[in-house]
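Residue numbers (this note's numbering), protein chains in the order written: chain W, 1 to 111; chain P, 112 to 225.
Take the hints with a grain of salt, since some may be wrong.
Claimed, not checked - Stretches of chain W that chain P covers, calculated by requiring three or more beta carbons in the stretch to come under 8 Å of a beta carbon on chain P: (1) 10-17; (2) 45-55; (3) 72-81; (4) 93-107.
Claimed, not checked - Facing chain P, a subset of chain W residues (Cβ under 10 Å, in silico): (5) Q6; (6) I86; (7) F88; (8) C89; (9) A90.
Calculated from the structure, these hints are not laboratory results. By construction, the Cβ of each residue, glycine as well, lies at the ideal position given by its N, Cα and C atoms.
Each chain, letter by letter, is given below.
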Amino acid sequence: GQQLNQSPQSMFIQEGEDVSMNCTSSSIFNTWLWYKQDPGEGPVLLIALYKAGELTSNGRLTAQFGITRKDSFLNISASIPSDVGIYFCAGLPNTGNQFYFGTGTSLTVIP
Amino acid sequence: GAGVSQTPSNKVTEKGKYVELRCDPISGHTALYWYRQSLGQGPEFLIYFQGTGAADDSGLPNDRFFAVRPEGSVSTLKIQRTERGDSAVYLCASSLTGPNTEAFFGQGTRLTVV
């Protein structure tokens, strides 16, 4: 199946710092979704991207659909303790019905 | 309902038993997906329904796994002769019209096979 490389695997940052994470694929994707998952919960949708080059914000979160359609980026500005969790990218390839997920980025915010 | 609802939230079963996991999608969503998530991993696709029909079941690991959605709303994932390796969190998601629309997840069912 498709492989999504998500990095970094984990991050430890001070409250107030900005965060960047990314996801890359060997194939072209039509849609990118970014999710946050807390322990014992299902993934919660943060941002959806549908067009190459698209830049979309949701509060302090900004995500971009890479021009090559093989990557996506998520930035979190001015991190706060409730940003702690695991962030997953998910991509829908050019052909197919399933979203492929990255392995996740675990974010820890130190107050 | 307001969100995707999954029951039970936790299920412990003995090896070899049969289990059913239920998913109640967001009202009006025609697309429904089942995913499986192992510890420390991202969700892995199992099956996708469009309405009542399984449009893509390529992620089902073997013939012990089966899912239905008889009325195009609630779906049931069925696992026969459970094995310890089936232990995972089973996630259900729904989207309005299909894979190219935003998918919203339930809280998952944590299945433990002992």
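Checked hints:
1. 10-17: Violated, because only 0 residues of the segment 10-17 of chain W bring their Cβ atoms closer than 8 Å to Cβ atoms of chain P.
2. 45-55: holds (count 3)
3. 72-81: violated (count 0)
4. 93-107: As far as the segment 93-107 of chain W goes, the hint holds, because 9 residues have Cβ atoms under 8 Å from chain P.
5. Q6: At 8 Å from the nearest chain P Cβ, Q6 (chain W) passes the 10 Å test, so the hint holds.
6. I86: 9 Å, holds
7. F88: Hint holds; F88 (chain W) Cβ to chain P Cβ min 5 Å, cut 10 Å.
8. C89: Hint holds; C89 (chain W) Cβ to chain P Cβ min 9 Å, cut 10 Å.
9. A90: Holds, about 8 Å.
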